[in-house]
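Please put together the full structure from these sequences, using the hints given.
Below, each chain spelled out in residue letters.
Protein chains: 2
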Amino acid sequence: MEEKILELLGTKDYSALKELLSSETPQDIAQAISRLDENSIPVVFRVLPKELAAEAFVEMESAEQELLIKSFSDIQLKQIFDELFIDDTVDIIEEMPANVVKRILKSADPEKRKQINELLNYPEDSAGSVMTTEYVTLRPAMTVMEAILRIRRTVVDKETVYTCYVTSSDRILLGVISVKDLLVANDDAIVGDIMNTHVIYATTNQNKEEVAREMAKYDFLAIPVVDHEKRLVGIVTFDDAIDVIEEATTEDIEKMAALVPSDKPYLKTGILEIWKNRIPWLLMLMVSATFTGQIIKSFESALAGSVILTAFIPMLMDTGGNAGSQSSVTIIRGMALNEISMKNILVIIWKELRVSLLCGIALAAANFIKILLVDNLIFKNNISMTVAAVVCITLVMVVFVAKIIGSSLPILAKRLGFDPAVMASPFITTIVDAISLLVYFNIAKIMIENL
Amino acid sequence: MEEKILELLGTKDYSALKELLSSETPQDIAQAISRLDENSIPVVFRVLPKELAAEAFVEMESAEQELLIKSFSDIQLKQIFDELFIDDTVDIIEEMPANVVKRILKSADPEKRKQINELLNYPEDSAGSVMTTEYVTLRPAMTVMEAILRIRRTVVDKETVYTCYVTSSDRILLGVISVKDLLVANDDAIVGDIMNTHVIYATTNQNKEEVAREMAKYDFLAIPVVDHEKRLVGIVTFDDAIDVIEEATTEDIEKMAALVPSDKPYLKTGILEIWKNRIPWLLMLMVSATFTGQIIKSFESALAGSVILTAFIPMLMDTGGNAGSQSSVTIIRGMALNEISMKNILVIIWKELRVSLLCGIALAAANFIKILLVDNLIFKNNISMTVAAVVCITLVMVVFVAKIIGSSLPILAKRLGFDPAVMASPFITTIVDAISLLVYFNIAKIMIENL
Chain V
13 MEEKILELLG TKDYSALKEL LSSETPQDIA QAISRLDENS IPVVFRVLPK ELAAEAFVEM
73 ESAEQELLIK SFSDIQLKQI FDELFIDDTV DIIEEMPANV VKRILKSADP EKRKQINELL
133 NYPEDSAGSV MTTEYVTLRP AMTVMEAILR IRRTVVDKET VYTCYVTSSD RILLGVISVK
193 DLLVANDDAI VGDIMNTHVI YATTNQNKEE VAREMAKYDF LAIPVVDHEK RLVGIVTFDD
253 AIDVIEEATT EDIEKMAALV PSDKPYLKTG ILEIWKNRIP WLLMLMVSAT FTGQIIKSFE
313 SALAGSVILT AFIPMLMDTG GNAGSQSSVT IIRGMALNEI SMKNILVIIW KELRVSLLCG
373 IALAAANFIK ILLVDNLIFK NNISMTVAAV VCITLVMVVF VAKIIGSSLP ILAKRLGFDP
433 AVMASPFITT IVDAISLLVY FNIAKIMIEN L
Chain Y
13 MEEKILELLG TKDYSALKEL LSSETPQDIA QAISRLDENS IPVVFRVLPK ELAAEAFVEM
73 ESAEQELLIK SFSDIQLKQI FDELFIDDTV DIIEEMPANV VKRILKSADP EKRKQINELL
133 NYPEDSAGSV MTTEYVTLRP AMTVMEAILR IRRTVVDKET VYTCYVTSSD RILLGVISVK
193 DLLVANDDAI VGDIMNTHVI YATTNQNKEE VAREMAKYDF LAIPVVDHEK RLVGIVTFDD
253 AIDVIEEATT EDIEKMAALV PSDKPYLKTG ILEIWKNRIP WLLMLMVSAT FTGQIIKSFE
313 SALAGSVILT AFIPMLMDTG GNAGSQSSVT IIRGMALNEI SMKNILVIIW KELRVSLLCG
373 IALAAANFIK ILLVDNLIFK NNISMTVAAV VCITLVMVVF VAKIIGSSLP ILAKRLGFDP
433 AVMASPFITT IVDAISLLVY FNIAKIMIEN L
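Going down the list, the sequences are from chains V and Y. Everything in the first sequence is counted per this note's numbering, starting at 13 for the first residue and increasing by one. Everything in the second sequence is counted per this note's numbering, starting at 13 for the first residue and increasing by one.
If you're looking for bench data, these hints aren't it; they were derived computationally from the structure. Check the hints yourself; a few may be wrong.
[Stated by the list, open to error] Have a look at the derived ranges for each label pair, beta carbon to beta carbon:
#, chain 1, residue 1, chain 2, residue 2, range
1, V, Met-13, Y, Ile-184, 20 to 26 Å
2, V, Met-13, Y, Ile-202, 29 to 35 Å
3, V, Arg-125, Y, Ile-283, 57 to 63 Å
4, V, Met-13, Y, Asn-198, 32 to 38 Å
[Claimed, not checked] For lysine-lysine, the following DSS-like pairs were computed, each having C-alpha atoms within a straight-line distance of at most 27 Å:
#, chain 1, residue 1, chain 2, residue 2
5, Y, Lys-457, V, Lys-392
6, Y, Lys-363, V, Lys-280
7, Y, Lys-170, V, Lys-170
8, Y, Lys-288, V, Lys-355
9, V, Lys-192, Y, Lys-192
10, Y, Lys-192, V, Lys-124
11, Y, Lys-192, V, Lys-90
12, Y, Lys-288, V, Lys-363
13, Y, Lys-118, Y, Lys-170
14, V, Lys-288, Y, Lys-363
15, V, Lys-276, Y, Lys-355
16, Y, Lys-229, V, Lys-170
17, Y, Lys-192, V, Lys-30
18, V, Lys-229, Y, Lys-280
19, V, Lys-16, Y, Lys-242
20, V, Lys-114, V, Lys-280
21, Y, Lys-62, V, Lys-229
22, V, Lys-229, Y, Lys-118
23, Y, Lys-363, V, Lys-276
24, V, Lys-280, Y, Lys-426
25, Y, Lys-16, V, Lys-229
26, V, Lys-229, Y, Lys-229
A virtual CB, placed ideally from N, CA and C, is assigned to each residue, including glycine.
This is the structure in structure tokens:
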């Protein structure tokens, strides 16, 4: 699409450009626009039909949105923002510098400005921050016919009409009814009689990831959000829920890989910013490896006498790290998906204990055979049976310790109110490294004479 | 809820049990049932109203489904499966042993059996395998009034009615129209005039994760699936798309942590099965660490002369591993989210090159200060300036190599048709370990006399 846009821009054939873009989706237009140079973006944007322009605007990255807002007159700004849903407006405002925010708020009419300010006040991680205030409400006394008429009249301004909320006159949430239910019912049935009164709802201050996962569990198109008096104040729609889940998962993955989470796409992030996301953990983990080094240092004289022991350090450290991160990542993901909670901790430790012994013994056996066949027969390293025994016993113990720590630390972290994802691979690797070496050298000291 | 169920089971108060369960969601009922003992499950299931029973059945784990099917008479089996949507039936069948599958297929009427068999034939990762054949089709010549009437007549049997598909008489997909569009339109408008003809669709053999991500991108409730002649054969609904994305993400995370992916929840997996998911990579990575050991072995005499060099091995290996996995995980997640593709490889390498130098230099500087202050001043390790220089220069090179390998390997893997997630942390750690040590010892040899 970009080539065609560039071609039509070159020949200034704006009517052909308008026709080309009119049949595209807002998402694809936003993507194409993001690849144009800064001067062409406002030009292309201006040929879009009003509604499509607003839809494409919502899908853009904040850098392009800011660029466009700066190119708008106050009237154009108002036209675009009047087309947007409240929750999208709030999302955009949250990323803009103060002077741009001021202009946007000034362009909104007082009622809308009040709603925007209310939504901006919810904490960043709350359901309130991702909800929209545009939904369909019905009254319990309405007939199905009246309900459908009401939907038909208001449908244009609502983000979703497929789930309708039945409220009392003081906005208390009484029930939900889907358009599907309304379509199968008789025209003169009463909404209050056929609505579902077992409503699953979220509260404004509930964690947004928790709410999104709840929606995914129940296959909801939308979930109602109520305040502390059970008054309906908004809804979260499934498209926002998917975004919340994707973002939370990316954050977890980043934390597990020792990165400071960032919500900017990689290709749009500057190298200084990438550096700032990476250096803190690298530094911290580097410094904490000092202790591991110190352990080696304290066995210096022993190692000078049997340098072959050094050759097994990388294998023991790596295996410990891998065994630990297998367990920690399994548990962290299980907790994110609500499959595992604090109350399972004993079951988990008992399971990991048995799995770690199975893994450790299998690895030790394989390693023993490897030492005989590869190290001694092929590489002629002449590793003594005593050293082989030290390495294999250490292996069993390292895998055991790694899996117990790897599985219990994330659960304990969550219990203490920390983010379990931070307790993943790199952190656990550092702990397991130190323990592995201590175990290794002490077993060596006991088993090898004159060490 | 479980306590209440157990209480009512104890007093055999089945009508109270029925009332309790009738107001619960199928998901919560399935969850509660999974915690009961094997004998109580069929008893509780039998008190559920027919439709709710079918809905709860779909939400259960395969172990409980199999247990229930075995407790059903042929008539009960037919009753439950007649209530299910085709795609849910197929999902269940895929997890059942052959004799159970035979019973299910035998209970279905010929038309349904044919549809089930067709869906079973699609490859496991394809859009065809997750689609349903129950959707609403309209004809272009219908009026809006006729379309709404058709929807109202067929709504009960369709998984979603909110997106309707307009087809020709030979089932070619011509357009889509949402119930929202129909509700705002005039009763006598013609569907063919107001439908959206720029249809985004999937093909039966397309990868299901790709299709699910496409749906998330466009905020679709459902996407039409066509065969190679553009005939509509099914739709994928948003709830299945969310499941596909969640499963694919869990698989990626598992692969990145050196686990063989499994789609069973951790708490329901036996220890032998967990062992089988973990041991292959542990073994493979352990054996490949042999090469790292061999590198140390070949510098044995040098190390015997300067054991202090050994003390820095864990720090260099860990930092290399962390730096590499930061890059690989960033790139793998970016590819999964379609933010990064093969064509960005040069941009990425150029970016990583600069970031790695920034990280490497910062780490080297910090490490130099740490050696002076911590190692020499506090621990009195007396590390010479030459050794400190060797360590710091190695650090810069290790971070550089780790980040370049970590960012390019996943992209190359994808290019060659492998799964990029496998190229994550553990694999890259092993490669980076070997390279780190080679660099380290060679720099040491050059810079330290008599080594």
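Against the structure, the hints come out as follows:
1. V:Met-13 to Y:Ile-184: 20 to 26 Å: holds, 25 Å
2. V:Met-13 to Y:Ile-202: 29 to 35 Å: holds, 30 Å
3. V:Arg-125 to Y:Ile-283: 57 to 63 Å: holds, 60 Å
4. V:Met-13 to Y:Asn-198: 32 to 38 Å: holds, 34 Å
5. Y:Lys-457 to V:Lys-392: holds, 24 Å
6. Y:Lys-363 to V:Lys-280: holds, 11 Å
7. Y:Lys-170 to V:Lys-170: holds, 24 Å
8. Y:Lys-288 to V:Lys-355: holds, 26 Å
9. V:Lys-192 to Y:Lys-192: Distance ~12 Å between V:Lys-192 and Y:Lys-192 Cα, so the pair holds.
10. Y:Lys-192 to V:Lys-124: Answer holds: Y:Lys-192 to V:Lys-124 is near 24 Å, not above 27 Å.
11. Y:Lys-192 to V:Lys-90: holds, 26 Å
12. Y:Lys-288 to V:Lys-363: With a Cα-Cα distance of about 14 Å, the restraint between Y:Lys-288 and V:Lys-363 holds, given a limit of 27 Å.
13. Y:Lys-118 to Y:Lys-170: holds, 23 Å
14. V:Lys-288 to Y:Lys-363: Status holds; Cα separation ~14 Å.
15. V:Lys-276 to Y:Lys-355: holds, 20 Å
16. Y:Lys-229 to V:Lys-170: Within the cut-off at roughly 20 Å; holds.
17. Y:Lys-192 to V:Lys-30: holds, 26 Å
18. V:Lys-229 to Y:Lys-280: Distance of about 18 Å is within 27 Å: holds.
19. V:Lys-16 to Y:Lys-242: holds, 26 Å
20. V:Lys-114 to V:Lys-280: holds, 26 Å
21. Y:Lys-62 to V:Lys-229: Holds, because 21 Å separates the two Cα atoms, which is no more than 27 Å.
22. V:Lys-229 to Y:Lys-118: violated, 31 Å
23. Y:Lys-363 to V:Lys-276: Since the Cα atoms of Y:Lys-363 and V:Lys-276 sit roughly 15 Å apart, the hinted pair holds (cutoff 27 Å).
24. V:Lys-280 to Y:Lys-426: At roughly 22 Å apart (the allowed maximum being 27 Å), Y:Lys-426 and V:Lys-280 satisfy the hint.
25. Y:Lys-16 to V:Lys-229: Answer holds: Y:Lys-16 to V:Lys-229 is near 23 Å, not above 27 Å.
26. V:Lys-229 to Y:Lys-229: Status holds; Cα separation ~20 Å.
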